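Engineer: Here is how the chains run, residue by residue.
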Amino acid sequence: MTDRSPPDEFADVNEAVSEEWESETTPYERIRHVVAHTYSPVSADSVADDARTAPKTARKHLNTLADEGFVETTPGEQGGTLYRRSPESLVVEQAADILEHVSTDELVTRIQEMREQLTEYRSEFGVDSPEELAVNQTNQALAESESLQDEIDPETIREWKTLRRNLAFANAALSIGNAEQFVDSDRRSTDDSVPA
Amino acid sequence: MRDSPDQAETHTLRGATDRPALLTIRDVVEEMEPLATPELDDYLHPSVLEVMLDDGLCAADEARIDIQWTTRDDYKFHYTDTEGVNLRWGKHPHAGDYIHVPGLEHYHPPPNASSDPDEVEASCISQSPEELVTRAVLKLWRVAYHTDSYEPLNAGRNPP
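Here the protein sequences line up with chains R and V, keeping their order. Numbers in the working numbering are just positions in the first sequence, counted from 1, shifted up by 13. Numbering follows the working numbering, in which position 52 of the second sequence is assigned residue number 38; successive positions increment by one, without gaps.
Looking at chain R on its own, in the form it has when it is part of the complex (with noise of 0.2 Å):
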């Protein structure tokens, strides 16, 4: 069993992971690695802080980023720019890193169930969607105060969420997988058709 030594002594941990993490990386990959899980618009001064660079910095970077489509901008009300991960290359990330670990056939029996179970939740609760149910609810407890009754448990909220976006990960790594089939053997076929 490998081991390790005691960690050195700190004190205090955010500190001391801030600096470790620091020490171990550039700033562009800190600022990379920050604002790929940023599905809000937030300043590139709020990037700069969680990625420990000057605001400077990460603006050239988030630029950057933005240039190559990692990420995307919009403006802010007070001017300025806003950045966040682009949901598109989110998207193509996960779709990529799925085709890598799961084969086509147990996509396919997979993303049927996924579907079956989002039907479920459908015409379980009587609307297309989470956040229909959710204005829903407020509106029956906004009309009859005293009703404590059908409460839905918001954690079934929350699966119904998740569920609808795994799906749409993995909907994209079938599609961009299957699209990624026939471009190559329409490659091949022409190849084949070369005389010789």
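What the hints contain is simulated information worked out from the structure, not anything from laboratory work. Quick caveat, the model's predicted, so the values are computed rather than measured. One or more hints might be untrue.
To be verified - Pulled a few chain R residues facing chain V out of the computed Cβ check, cut under 8 Å: (1) Trp34; (2) His114; (3) Met127.
No residue lacks a Cβ here, since even glycine has one placed at the ideal position from N, Cα and C.
Please build the complex by placing chain V on the supplied structure of chain R, with the hints as guidance.
Structural biologist: Frame of chain R, contents of chain V only:
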């Protein structure tokens, strides 16, 4: 372990489980902790990253940390071991129920990861990027492991 039903509504994590973040956390754990083997409970549709530990704290021979992370950066890191000891670092709204916790980050202490409003402590982990929270949990676990004590887990420091 679930919170009691009357706490369920206000204590639920905000946002869907974030598969991309769980993959990142898996990579951090793999790189940092030689005793740990992290694995998603379901590769395509995960709800938890299960981290198996080849050794536990104090008398425990084996242990596990179950990690949840959402699209809104809420989280739970739940430690459980073969001695039946449980504890948990968490970040999610608690409607002010945890009277000693001014923010969202909190700590359910051992031996039973108590959710008693008076026993839940403010967490020593205050940063939010998953990379840093994961590193902090692993470091606190390491200190506790080498000192054979649960005390360092929420002390936030490692005195000489």
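Engineer: Look at each hint and say if it fits the structure.
Structural biologist: Evaluation of the provided hints:
no.	hint	verdict
1	Trp34	6 Å, holds
2	His114	6 Å, holds
3	Met127	6 Å, holds
Figure legend: structure checked against the earlier numbered hints; every hint is met.
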